[in-house]
Amino acid sequence: MGDVPRWAELALLPVLNLLLALALTALLVLATGGDPVAALTALAVGSLGSADALGYTLYYATNMAFTGLAVAVAFQGGLFNIGAEGQAYLAGLGVTLAALHLGFLPAALLVPLAIAGGAAFGAAWAAIPGWLQARRGSHIVITTIMFNFLAAALMVHLIVNLLTAPGSMAPESPPFPEAASLPGLAQLGFPSSAPVNLALGLAVLAALGVWLLVWRTPWGYALRVMGQSPAVASYAGIDQGRMIILVMALSGALAGGVAVNELLGAQHKLLLGFTSGYGFTGIAVALMGRNHPAGVLLAALLFGALTQGGAELAFEVPDVPSEIVVLIQGLVILFTGALGNMLRPALARVLGRAGG
Amino acid sequence: MGKAEGMAPPAIALRGIEKRFGAVHANRAVDLTVRRGTIHGIIGENGAGKSTLMAILHGFYQADAGSILVNGREVAIRDSRDAIRLGIEMVHQHFMLVERFTVLENVMLGAEGGPLLARGAAKARAELARLGEAFGLRVDPDARIENLPVGAQQRVEILKALYRGAELLILDEPTGVLTPQEADDLFRVLRALRAQGRTVLLITHKLREIMAITDRVSVMRAGRMVAHRETAATSVAELGELMIGRRLAAPAPRPAPKPGPVLLEARNLSVRDAAGVERVKGVDLALRGGEILGIAGVAGNGQGELLEALAGMRRPSAGEIRLGGQTVFPGRDFNPAALRRQRLGHVPEDRLRSGLLRNASAAETAILGYQDDPSWRRFGLLAPAAVAAHAARLMRDYDVRPADPALRSALFSGGNQQKLILAREIDRDPQVLLVGQPTRGVDIGGIDAIHQRLLACRAAGKAVLLVSVELDEIMALADRILVMFDGRIMGELAAAEADEQRLGLLMAGVAPERAA
Amino acid sequence: MEALDLILPILAATLRTATPLLLGALAGLFSERAGIIDVGLEGKMLAGAFAAAAAAAVTGNVLLGLLAGIGGACLLGLVHAYACITLRGSQVVSGMAINIVASGLTATLALAWFGLGGQTPSLPPAARFLPVTLPGAAALADVPVLGPVYAALVSGQTVLVYLALALVPLGAWVLYRTRFGLRLRACGEHPAAVDTAGLSVARLRYGGVLIAAVLCGIAGTYIATAQGAGFVRDMVTGRGYIALAAMILGGWRPWPILFTCLLFGLLDAVAIRLQGVVLPGIGAFPVQALQALPYLLTVVLLAGFMGRAIPPRASGQPYVKER
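Chains as they are written, first to last, in our numbering: chain A, 66 to 421; chain B, 2 to 517; chain C, 49 to 371.
Only chain A is shown next, with the shape it has when bound in the complex:
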């Protein structure tokens, strides 16, 4: 396949793959009679052009950082967690139950408890496929896919039939008490209309924590050994069953950050389908970020900007829908994940020649 230098593997290849995805999308816009330059400009201005836009960008990026970390940490253990979507959804239930039932507590207690509730529910929902893989040998990819649908069915049932306030027609929970909310970031100069909130800080802390855990602890070392080779892990005496369940739980807890950002930070109630695909975007974010927390944060920022820019784009350039951002996401997964071997040999040749 050809080896490329480390810096190229970590920085150049992701950027090239992103450019490829963007170029392909631009071609598509051009082919359908649109103006790719106008579209790209609208994307950039719409995502970064104002404090308000940036506030939205960071808000979306927060969700993606959490799901990106969730997917990345499982990847480090050799597990492909496609279930971040369902785990985040279930985490929403944990957050909601804590917020609604412990509403009498002061914010300083209620918010951490609601976060813990979300993390616990997300972790539990992810630990089941982990347990099934570890103890029953079920393929984690298929079970997490199935668990997404199970989560959706369960949550629809709970929200529509049990959580909706009596007499209300809208399928959503009653509003959370005042205390159950994460403060916005007005102090940092974001307008109060921007939904970015303290969950952003949590996401950055989570990334730091994941880095320390995976690269600076014996447990993380063991996780990476397992990810590289189960045979080596069993030689090294690593209890892989336990490891799989634990890392899936951690992954699910991280995915639960979406519920914290969305429900405690912005919506203040449980809504049907509030996860709106962030779990799948997390796959793109993790792949693009090379499954490393720093890379995940950068990739989340990028995809957050694309999402926000895409929403603006739909207003600015009527022929180009916001779904084009979904297309870009898909292409990034395709190029970085599945077609990763396409550019590498050529790049290795070019860099090898340049290097000497």
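It should be emphasised that the hints constitute simulated quantities derived from the structure, not laboratory data.
It should be emphasised that the depicted structure is a prediction, and the values quoted were computed from it without experimental measurement.
Glycine included, each C-beta is placed from N, C-alpha and C at the ideal position.
Each hint should be verified, as a subset may be incorrect.
Quick look at which bits of chain B chain C covers, simulated, 3 or more residues with Cβ under 8 Å [said to hold, decoys possible]: (1) 71 to 82; (2) 115 to 125.
Interface residues of chain A toward chain B, partial, derived using beta-carbon atoms under 10 Å [unchecked claim]: (3) G274; (4) L277; (5) W280; (6) R281; (7) V290; (8) Q293; (9) V297; (10) G302; (11) D304.
Only pairs whose alpha carbons sit at most 20 Å apart, straight line, appear in this in silico SDA-like list of lysine to any residue [to be verified]: (12) K124(B) x T226(C); (13) K369(C) x Q94(B); (14) K369(C) x R21(B); (15) K369(C) x R359(B); (16) K259(B) x D83(B); (17) K369(C) x D83(B); (18) K334(A) x L178(A); (19) K207(B) x D500(B); (20) K334(A) x L270(A); (21) K124(B) x Y224(C); (22) K369(C) x E19(B); (23) K207(B) x Q94(B); (24) K207(B) x Q197(B); (25) K334(A) x D384(A); (26) K124(B) x A245(C); (27) K369(C) x D80(B); (28) K369(C) x A64(B); (29) K259(B) x M476(B); (30) K124(B) x D141(B); (31) K369(C) x R82(B); (32) K259(B) x D430(B); (33) K369(C) x R136(C); (34) K369(C) x R354(B).
Given chain A, work out where chains B and C should sit, using these hints.
Only chains B and C this time, still in chain A's reference frame:
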């Protein structure tokens, strides 16, 4: 036989075959002539380039340079299809059989005789019966491969080759997985093939087989063809010398063992493999400090599973294991990590698959299994600098080259990888050291260094269990030798009384005659 | 006769809902039997649905729509094959990427070409697959039991329903009775054995993946032009994943797959009829429980709590000649 040379063109002639895999020069200017209607042996150590050469002949790889002549005519073999058309068939070391298919389906694959299976199947069935009759290769055509014993699977491979019209049959280490009886059956089949004018190329690293069945033999070493001999005009000693490239040194005189207390003991130990097949059947052994106990045997007779069980990687199905006088199995804390804490070192049989982290740095490989050791932690966290310093010291002390802890483990040569693993395990000062195939794929210089290390462990009073399929290695190092056959210990020999013949009988499952 | 009036519509609905699942599951079967995992059924069905609806809307011809649907799915199938077979990339990642690309691409193209907020125009009857009445349906109508069954269940389905059902024996025949099928299955079990038999693993696997794409295209066409009357955003709504579940539950074998698809279809048909039904003492019938059953069954099967799901041995692994 008996035909004058030069009358008929050779079945196969290779001229100047070259093949490189990256930095590895697998075949260098290889010439080979194989006469029709003979059994021709190719012998060489693991990694000498035999299998690569045969893969080129069978179209699995393409040569970088050189030419191939079949029946005197130059041919291009671009893929297996070309080879098959030329009547060149190969029985691989790892069988190319679809386990869930029947014998018939496997034989038909690629030679179905038409777009619909029904018509070809009747023909194939008849042909299989005929071939089975002619060569003594009887197999039930409707049996599923996964339900057949290994020997029968190999017969299917040969049938497959014959069904497709093999004129030249290549067999790659065919007896590695066979019992001696099955090997005898195989040799009978090969002789029948020769009698019918077909040509057989036998690749092996076992001198005994070469002497027993071949007409001519070619020797490979380090990618080159170094000699060709008529089998009748050569000897085991000469071939061994040619294969290794120097006279087989008599085992260096060693100080007499000073056996200490029993440090590792297994009683009536039975072990099943992943498929549930019992591979180790009631083994007893006791290993003392200050001695090297060798376990000899044909590969696949349970040595691997025994080693894994003693290392805690595989739970025995019955029996007891005592380490340093304490029962560790049956016991709750029976796993490799716990045994390591009780000072058990383990150099695994298959270092590439399980002993090192191919894609991680040498530094990370250097703490594999000991990642929980607090000495490479600062403030509770793993400190890369401390890990790298530890690795650098190991690499210096054990002469691992290049001594670069940041280099990816996969990029070291086999010998240096093995030295790194030995360094990691010995540096922990184990009381018991389990060692599997320590010099597989290691160059000559590396072999010496590794042997010296193991002898040093013995001198330091450690108990060393050495599992190896290389008899020379066992005889050079072990104080006592246990021979395993079909999951059982067939017998024990002291180093002084061990010779190839006695070991060979035991390895073949022939129990020693007990003099009253 | 009362009971028949109640049951027949449910059974007819079962057939209709089972059809896209069956086509999708058979698609997955051909891909995975060749050794290529296909979690991208959903995306290929969606691409097929859009391409079929778009072509049918523009040309007014449903057969051209079918061709376009197959073509659209095949484009994505080729991407999957190129990524998984030629470049030996991750099959699961490629499948997920295709699902997401399809979702974004169809929505984008729909808006760019048709406006209408991301839909295609509603298809006129000529541009749709309509139920066909089989000969004799009217004549037999008065025969008790048999008549209504023939008229309402056997007759009166669209051509694609019959096609899907016919593909079960046809698929089984191809897999188990033909040279191509033998080779394809061997690719999924032990590709090196195929290679050393002088056959091209890559070519056979491309074949399997493309057959899968064709079937997905037909499934998408059915969804957009027979069940529906035009393309709507993300209109496959997870049926690609249910097809995947049906394929697993069917143990990668055609006839059991038919059975699971009919079961899933029945569950869905019953769930729709029970929507809003209030059970005494329980309240609204939990329709979601029925809808979740396929996923739950798959998980239970995969966990080995009922039988064992044994996938083709080499599926998911790129074929690399070992050194």
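Hint by hint, here is what the structure shows:
1. 71 to 82: holds (count 3)
2. 115 to 125: holds (count 6)
3. G274: violated, 12 Å
4. L277: At 7 Å from the nearest chain B Cβ, L277(A) passes the 10 Å test, so the hint holds.
5. W280: At about 8 Å, which falls below the 10 Å cut-off, the nearest Cβ of chain B leaves the hint on W280(A) intact, so it holds.
6. R281: For R281(A), the interface hint holds, since the closest Cβ of chain B sits about 4 Å away, which is under 10 Å.
7. V290: holds, 6 Å
8. Q293: Holds: closest Cβ of chain B sits about 6 Å from Q293(A), inside 10 Å.
9. V297: Cβ of V297(A) sits 5 Å from chain B, so the hint holds.
10. G302: holds, 3 Å
11. D304: With Cβ-Cβ at 7 Å, under 10 Å, it holds.
12. K124(B) x T226(C): holds, 15 Å
13. K369(C) x Q94(B): holds, 14 Å
14. K369(C) x R21(B): With a Cα-Cα distance of about 15 Å, the restraint between K369(C) and R21(B) holds, given a limit of 20 Å.
15. K369(C) x R359(B): It holds: about 19 Å lies between the C-alpha atoms, which stays within 20 Å.
16. K259(B) x D83(B): Judged against 20 Å, a Cα distance of about 61 Å means the pair is violated.
17. K369(C) x D83(B): Distance ~17 Å between K369(C) and D83(B) Cα, so the pair holds.
18. K334(A) x L178(A): holds, 16 Å
19. K207(B) x D500(B): holds, 16 Å
20. K334(A) x L270(A): violated, 25 Å
21. K124(B) x Y224(C): holds, 18 Å
22. K369(C) x E19(B): Between K369(C) and E19(B) the Cα gap is close to 19 Å, so the pair holds against 20 Å.
23. K207(B) x Q94(B): The given pair, whose Cα atoms are some 14 Å apart, holds under the 20 Å limit.
24. K207(B) x Q197(B): Measuring from Cα to Cα gives roughly 26 Å; hence the hint is violated.
25. K334(A) x D384(A): Since the Cα atoms of K334(A) and D384(A) sit roughly 34 Å apart, the hinted pair is violated (cutoff 20 Å).
26. K124(B) x A245(C): Given that 20 Å is the threshold and the Cα spacing comes to 18 Å, the pair holds.
27. K369(C) x D80(B): holds, 12 Å
28. K369(C) x A64(B): holds, 15 Å
29. K259(B) x M476(B): holds, 18 Å
30. K124(B) x D141(B): Cα-Cα ~15 Å, so holds.
31. K369(C) x R82(B): Distance ~15 Å between K369(C) and R82(B) Cα, so the pair holds.
32. K259(B) x D430(B): Given pair K259(B), D430(B) holds - Cα atoms ~18 Å apart, limit 20 Å.
33. K369(C) x R136(C): holds, 12 Å
34. K369(C) x R354(B): Given that 20 Å is the threshold and the Cα spacing comes to 17 Å, the pair holds.
Checked against the numbered hints above, the structure breaks hints 3, 16, 20, 24 and 25 and satisfies the rest.
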